[in-house]
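*Asks:* Chain by chain, the residues run as shown.
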Amino acid sequence: MTGAAKYTEDVSVEGALHAVFVRSFMAHARIGDIDFGSAVGMPGVVGVFGAGDLDLGPENSDEVPDVFARPMLANETVRFVGEPIAVVVADTLAEAMDAAALVLVDYDPLPVVVDPEEALARGAPLLFPEHGSNVAVERNFTSRAPREREPEVVVTGRFLNQRLSAVPMETNGALAVPDPDTGGLKMWIPCQAPHWMSREISKALGLEEKQVHVVAPAVGGGFGAKIATYPEQIVVAAIAHRLGRPVRYLEARSESMVAMTQGRGQVQHVRLGATKEGMITDLEVTNIADQGAYPGEGSSLSTLTRQMASGVYRIPYIHYRTFCVATNTTPTFAYRGAGRPEAAALIERAMDMLAQELLMDPVELRRKNFIPKEAFPYKTASRARYDIGDYEATLDKALEMAGYEKLRKQQQERRAAGDVKQLGIGLSCYVELTGFGTDSSTVEVHEDGSVSATTGTSPHGQGHETAWAQLVSARLNIPHERVQIVHSDTRLTAKGDGTMGSRSLQIGGSAVHGASVGVLEKAKLLASHLFEVSVEDIVQHDDGRFGIAGVPDSVVGWGELASAASDPARLPEGMDPGLSAKDKFGYDDNTMSYPFGAHIAVAEVDTETGQVKLLRHIAVDDCGRILNPMLVEGQVHGGVAQGVAQALFEEVVYDEDGNPLNANLASYDMPTAAELINFETAHTETPSPLNPLGAKGIGESGTIGSTPAVQNAVIDAVNHLGVRHIDMPLKPERVWRAIRRTAG
Amino acid sequence: MFPRSFDYLAPESLDDALSMLAEHGEDAKVLAGGQSLIPLMKLRFAAPDYIIDINRITGLGSVHENGSLSVGALVRTHDIERSELIRRRYPAMAAAAPLISDPLVRNLGTVVGSLCHADPQGDWASVMLAMNADIVCRNGAAERRIPVSEFVQGPFTTTLDPTEIATEVDIPDPGADTFGTYMKLERKVGDFASVGVAVHLSFDGRKVERAGIGLTAVGPANIKATEAEQLLAGAELDGGTIARAADLCAEAADPHSDLRGSADYKRAMVRVFVSRALNAAAAGKAA
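As they're listed, the protein sequences go chains A and B.
In terms of the numbering used here, the first sequence opens at residue 103 and continues consecutively.
In terms of the numbering used here, the second sequence opens at residue 336 and continues consecutively.
Source of the hints: derived by calculation from the structure; they are not laboratory data.
Errors might be hidden in some of the hints.
As the list claims (entries may be wrong) - Lysine-lysine pairs mimicking BS3-like chemistry, simulated, CA-CA at most 25 Å apart:
hint : chain 1 : residue 1 : chain 2 : residue 2
1    : A       : 626       : A       : 684
2    : A       : 499       : A       : 715
3    : A       : 508       : A       : 715
4    : B       : 523       : A       : 715
5    : B       : 542       : A       : 523
Claimed, not checked - Sample of chain B residues facing chain A (criterion: CB under 10 Å; computed from the structure):
hint : residue
6    : 372
7    : 380
8    : 589
9    : 603
Every residue, glycine too, gets a C-beta built ideally from N, C-alpha and C.
Okay, chain A solo, but in the shape it has when bound (with noise of 0.2 Å):
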């Protein structure tokens, strides 16, 4: 660590403006007069606008009726605590806050619905009443076979999803510098995907796309939550636009706490049938999606949960209800697994449901329903094509790391002597779904020999840097250092879909090595033109250089042959100059690889405080083959935090007003090193038959692994006084609760 990387607000430019966003209080208002007049007239402030004052349109999506459209700066109503009204644009941070807090908006209260299962109720408050109910999407989906036989055994549950921040270490912001060469705009954004970012904004300002360049500089996390393209973007962005001057914001944590897209949030009613023998006869959900105030892209992410619900068991028939509803809270949308962690956590819970409704260990009951690996690829009664997998290996794996039998034991004494602390051990086999669109690469050879690559991916802490080196590296034979890769610049990239989803391996690095073979093959017929051979003759020293196969003195480097390729009277007759090649990398629609993995917690409880204290936790993830291991490693590490996160500790939590109880980092339980412990990893490798490089995903797989599995684990510390189910997170209260229910 240096601490040289420079993020948004590192950017320096000369006499850039500050905007600071005056945002509701209320959840839920018809907004009245907003009265300026003092911040106006307040030392360096340069202008305050509200909806009326610049020319943006809302924000529709396809997923969603029009209806939903989110308007830049609320106009007429505020439909969530944080939504930005008007905005102060001053010469400094401090003018700008203090002029904001002058700002007066007269608001009219409307009555508020937080939860998504009142939302639905009849008579609920409308946030769009013209819509004339808060159900933006509903969706009814039934697999395509009949089904086959009735079960003998039924477990129902009501699982909540709950609402989660992403809190990454930056925040959300923007540099907005206009440019007079193009008449557009040079764009600063934490961001995960520039090309979108330039794509949203150049639209909303009826600009061309190439007039709005987007640059992301270092970016201090996204988890999904900067994959949006913010009003508070694209309000700077019109600011600066409009004033002809650079104008800047950055979130405060308060801010962003509120502003920020949230994930997860959904309610899960679920019934799974099975015979007496514990094969799996079907599956009917009711998944109520919380949208919050805007439903919009964030309304496609349950139908990834639709998908994915089968997880890695053959479930013959599949019923699945989809409710995407409004409610006056912070909206949501990606959240790392984005969909996924949700169906992981449904179907896992339900099955340690079933395993303890007949009496049967939850591992025997998973065995017997895996989908066995001779039947890929496997297509999924939830419509989900599997590509290829290896369920039992890895769970087999795992039970022998964890020392499952041991593990029982252990358990089983402590609940023969009463311990006060019990011992819980939970499992989870997951199956998710990764790499969706398309990305470009060029990869181009330079006269002093060095290379750069380019990418439409946008690394922020995922080291493509390094991975997509080793690429290029290996492919080439050029030394790791003397490789540049080229990044998260709309001006310097291809199009590419960013980072996101677990997505950028697979796709980018597959351009990315499609690109290196191509420039290895012009290599090659090059060094055969000047050597005049044929190209079969060509061989590749371990040096790096090229030579004539038996021939020892011929050799030229690879500076050389680029000199050569920008030399036209040296290039063989129709190759292009430059040693360079370009490759473009997707998977057909419906195509998706699918990573899988299987986890094992052990929790210990105090059976009377609710304590959790996590014991152990082993995770065994299956991400095809893998490049770089220390990669690998660092995003399951941070995957297993997060999801752990979710199982114990976070939970975004409103009043029935819509005030947000714990939108700061002092009362957001966000775990630390301090509440975690050492993770034990392991890997098996079954490539994907999808892309040149054997990859899958594996920056989502350690929370979509985890959560379910942490807990199971908490559950079956308590299951033998009777409990069935507790919601995440696992707070000591509920735990102690669901306790005392039971043995009450």
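Got chain A sorted already, so can you dock chain B onto it with the hints?
*Replies:* Chain B in isolation, oriented as in the chain A frame:
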């Protein structure tokens, strides 16, 4: 947020500090460790015109015994955490210190400052209630002693005068045969207490000679569980006594429901912690 602007004063002697305080009174706040005051100012819940920083004053930073234990106004929680004397003779203090916030706060935050801040979720007040400590205050040339039980009045409220500086906390000699502990339920490491229980016992043979119990975060101020203390004084720690004492403490608690837990959960945790502490003390006697 940023604090409102203020004047910063840094006296070199206690007398100077007191005269500055006499001059500015309620417009001034005394800064010791700043671990509560600065966050309050940052949120603009406090906006004093003057800050009187007492950190340059010598003689306020020592922990020493002289018939009783004196902890000066500039003694940091970290000093208590590392003190061999405290570990040997004042186990309740030794148990509480490492559970207070995080190392950064403990490095700067002071014991006396925590008492003056009087946050009902503060840990030190419960320990001092259990140990029957007094606060020593100076006002000009006058000095007075106030039992901590009278000093802390309610949430963020003490009997300290605006022109007074708390110079030390004075803790009675616990005797040769003691037991003490501090138990804290927290949502995560470094958090304020959801529930805290301080227990201090002085023994005479098998009998409890003197008992002190302080409760954190279960009322508008830290609570001294006097009925349980009286029950325990002169008693032996058998199962029935322990259960009755735990019940009395749970009854003494007056918690309210919030994000950290419901009132009845917090009350139940007081019972569990007191019972665990007294059982540990009894086990120590039996051993």
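*Asks:* With reference to the structure, classify each hint as holding or not holding.
*Replies:* How the hints compare with the structure:
Between residue 626 of chain A and residue 684 of chain A the alpha-carbon distance is near 16 Å, which keeps this suggested pair within the 25 Å criterion. At roughly 24 Å between alpha-carbon atoms, residue 499 of chain A and residue 715 of chain A fall within 25 Å of each other, so this suggested pair holds. A hinted pair counts as satisfied when its Cα atoms are at most 25 Å apart, and residue 508 of chain A with residue 715 of chain A qualifies at roughly 19 Å. Between residue 523 of chain B and residue 715 of chain A the alpha-carbon distance is near 11 Å, which keeps this suggested pair within the 25 Å criterion.
For a cut-off of 25 Å, the pair hint linking residue 542 of chain B to residue 523 of chain A is broken: about 30 Å separates their Cα positions. The beta carbon of residue 372 of chain B comes no nearer than 16 Å to any beta carbon in chain A, farther than 10 Å, and the hint placing it at the interface is violated. With a least beta-carbon distance of about 13 Å to chain A, the hint placing residue 380 of chain B at the interface is violated under the 10 Å criterion. Hint status for residue 589 of chain B: violated, given a least beta-carbon distance of 18 Å to chain A, over 10 Å.
For residue 603 of chain B, the shortest C-beta to C-beta distance to chain A is roughly 7 Å, which falls under 10 Å, so the interface hint holds.
Checked against the numbered hints listed earlier, the structure breaks hints 5, 6, 7, 8; every other hint is satisfied.
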